[in-house]
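Undergrad: The chain contents come next:
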Amino acid sequence: MKSAYDVIVVGAGPAGSTAARYAAVGGASVLMLEKDRDVGYPVRCGEAVSHEGVVQFIQPDPKWIAATVSKFRIVVPNGNSIVPRLDGIGYVLERRLFDYELANVAARAGAEVVTKAYVYDLIRSNGATEGVRALIKDQKVEIRGKIIIGADGVESRVGKWAGIDTTCHIRDMESCAQVTLSGVHIDEGILDFYFGDKIAPGGYLWVFPKGKDVANVGIGISVESAKEKSAIKYLEEFIEKRYPHAATLTRIAGGVPCAKTCDEIVKSNVMLVGDAAHQVNPVSGGGIISGMIGGMIAGQVAGEAIVRNDLLHLREYEKRWHKRLGWRHEVFYHIKEAISRFTDDTLNQLCEDACKLPEEKRTVGSIFRAALWNQPSMLLDVAKVFIS
Amino acid sequence: MIYIVPGKCDFCGCCVGVCPEDAIELLESDIRIIDERCTNCRKCVWACPWEVIEFHREGIEKLPTELELPQG
Numbered sequence: 000m001k002s003a004y005d006v007i008v009v010g011a012g013p014a015g016s017t018a019a020r021y022a023a024v025g026g027a028s029v030l031m032l033e034k035d036r037d038v039g040y041p042v043r044c045g046e047a048v049s050h051e052g053v054v055q056f057i058q059p060d061p062k063w064i065a066a067t068v069s070k071f072r073i074v075v076p077n078g079n080s081i082v083p084r085l086d087g088i089g090y091v092l093e094r095r096l097f098d099y100e101l102a103n104v105a106a107r108a109g110a111e112v113v114t115k116a117y118v119y120d121l122i123r124s125n126g127a128t129e130g131v132r133a134l135i136k137d138q139k140v141e142i143r144g145k146i147i148i149g150a151d152g153v154e155s156r157v158g159k160w161a162g163i164d165t166t167c168h169i170r171d172m173e174s175c176a177q178v179t180l181s182g183v184h185i186d187e188g189i190l191d192f193y194f195g196d197k198i199a200p201g202g203y204l205w206v207f208p209k210g211k212d213v214a215n216v217g218i219g220i221s222v223e224s225a226k227e228k229s230a231i232k233y234l235e236e237f238i239e240k241r242y243p244h245a246a247t248l249t250r251i252a253g254g255v256p257c258a259k260t261c262d263e264i265v266k267s268n269v270m271l272v273g274d275a276a277h278q279v280n281p282v283s284g285g286g287i288i289s290g291m292i293g294g295m296i297a298g299q300v301a302g303e304a305i306v307r308n309d310l311l312h313l314r315e316y317e318k319r320w321h322k323r324l325g326w327r328h329e330v331f332y333h334i335k336e337a338i339s340r341f342t343d344d345t346l347n348q349l350c351e352d353a354c355k356l357p358e359e360k361r362t363v364g365s366i367f368r369a370a371l372w373n374q375p376s377m378l379l380d381v382a383k384v385f386i387s
Numbered sequence: 000m001i002y003i004v005p006g007k008c009d010f011c012g013c014c015v016g017v018c019p020e021d022a023i024e025l026l027e028s029d030i031r032i033i034d035e036r037c038t039n040c041r042k043c044v045w046a047c048p049w050e051v052i053e054f055h056r057e058g059i060e061k062l063p064t065e066l067e068l069p070q071g
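Residue numbers (numbering that gives the first Met the number 0), protein chains in the order written: chain A, 0 to 387; chain B, 0 to 71.
Next up, chain A with everything else stripped away, as it sits in the complex (with noise of 0.2 Å):
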C-alpha cells in the first residue's frame, strides 16, 4: 500500500467494487478499502437480481448463482396470489462469492484492495478532503487520496463528515431481518412476495429459492411500523406458522434506505456510492444493480477528472446518474408512497381484478394500471414528479 492514490474508495460492496473497476479502467490509481475482514461477508442482502441488471457488468457465472427464476409471485393479505407475466430471467445470488469477484474484477483492473481497514475519518483542510484516516491491522494510518469515494453502505458515514446530509428518514428506511432456511417446500423457479399491514407493514416479507429446499426468508418493514413492533417479531411470527420445522442456517439484520437519492452525491472531491447515496429502488428495495450504476458513473467520471486533472468534473456524476437512474428512482419513490397508502382490502382487491386479467395480459404493467384507477391520487403523485 502506498500513502498517496487518486482515488480512495470506503466499502468494497458491489458499488464500491464496481467504482473502483472503473476509476482503474479510466486510469487512476485506486485503493478499496473495506472494514470487514473479508469481502461479501457477512452477507446483507435478499439476494435477488435481474440477468439483465447483472450482464451489464459481469457474465453469469454459475459459481455464485444459487438459483435461477422466471417468475415472481405477489401474496395478498387474503392469501390469494397473483403471477404477473415477466419477461425475462432472475437470480437469487451468493453474495458472498458474487462481492468476492466483483473485488477480483476490480483488482484485474488495477485497484489495490485491503480488508480489516475501517475508515474513521476523513483528512480536512480547509474545508478540502485530502485524504482518510484508518485503522489497518489496529495501526492507525492516513492515505492521501485526490478523491474519495464513499461506498460505505447504509451506515456510510464517510458523506456525513464531508458535509452531505445522508440520515434516512425513518418512514423511508426498511428495518429488515432474514433468515435462509433448510428443509422448507418452495418452488425453486419462483420469488415469493407477500404484502399486507399484519405480515410486513411499510415493506413486504419474501420467500426467495436457493436451492432444493433452502430459502431466504426475509422482511422489511419501516421503521415507522417498527416502533410497534420490531421486524424480527414479524419474521418469526411467518415461519412459526409456515415453516415451523426448518432449520436455521442464517440469521441477519439489515437497513435499506427506499428513499430518493440523496440531494447531494458530490461534494467538492467526496461522491457517494450505492446504498450509501440511497440508490435503491424504492419500491423493490433492491440496491445492487442500481448502486453498480451509481459506482460506474462514479468510476468512470472519476477517471476522467484524474486524466484531465480537473476535480471539478465530478460534478458531472450527479447529472448522469440523474439521467441514467435518478429520476427513475424519484417516480418510484411517489409509487412507493402510494402502495404504502394501500390497505389489506384493496390490495385483496387488485389481486381479484388482476386474476381476471387473462393470463397473457397479467404483466406488471396492466396490473399497475389497475391499481392506479383504483387510487386515482398516485396518478397525481406521478404526475407531479414531471411537472415539478
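Source of the hints: derived by calculation from the structure; they are not laboratory data.
Just so it is clear, the structure is predicted and the values come from calculations on it, not from any experiment.
Among the hints, erroneous ones may be present.
Quick list of in silico lysine-lysine cross-link-like pairs, DSS-like style, CA-CA up to 25 Å [stated by the list, open to error]: (1) B/Lys7 / A/Lys318; (2) B/Lys7 / A/Lys228; (3) A/Lys115 / B/Lys7; (4) A/Lys259 / A/Lys159.
Chain A stretches covered by chain B per the calculated footprint, using a threshold of three residues with CB under 8 Å from any CB of chain B [as the list claims (entries may be wrong)]: (5) 58-66; (6) 149-156; (7) 306-318.
Using N, Cα and C, we set each Cβ at its ideal position, and we do this for glycine too.
Dock chain B against chain A, hints included.
TA: Then chain B, alone, in the frame of chain A:
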C-alpha cells in the same frame, strides 16, 4: 439513555442510517453510542431489526418532544 445490549448486535448499520447526529460508531464487530452527540431521539431503537437497542429512561429529566426531534 440509549443502551446496546452486549453480545446481541449484528452490526447491520440500520441504526446508523437513521441517526441524525452521527452518534453511533460501528466497526466490524463493535458498536458504541457517542454519548456527547446522542440526543435520545430513539430512532435507532425503532430501527433495530433485532430489538438490540434499548432506551433507559433513568436519569433523563426531559425527553425531546416530537417537535424537538431532529427531522429526517
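Undergrad: Taking the hints in turn, state whether each one holds.
TA: A quick look at each hint next to the structure:
This hinted pair does not check out: B/Lys7 and A/Lys318 have alpha carbons roughly 42 Å apart, beyond 25 Å. Taking the CA atoms of B/Lys7 and A/Lys228, the gap is near 18 Å; set against the 25 Å cutoff, the hint holds. Between A/Lys115 and B/Lys7, the direct Cα distance comes to roughly 21 Å. Compliance with the 25 Å bound is thereby established for this hinted pair. Distance restraint check for A/Lys259 and A/Lys159: the Cα-Cα separation of roughly 17 Å lies within the 25 Å cut-off, and the hinted pair is therefore satisfied.
Coverage of a stretch by a chain is defined here by at least three residues with a beta carbon nearer than 8 Å to that chain's beta carbons; for the segment 58-66 of chain A and chain B the count is 0, and the condition is violated. Note: the segment 149-156 of chain A has 5 residues with beta-carbon separation from chain B under 8 Å; the three-residue rule is met and the coverage holds. Residue count for the segment 306-318 of chain A with a Cβ under 8 Å from a Cβ of chain B: 0. That is fewer than the three needed, and the coverage hint is violated.
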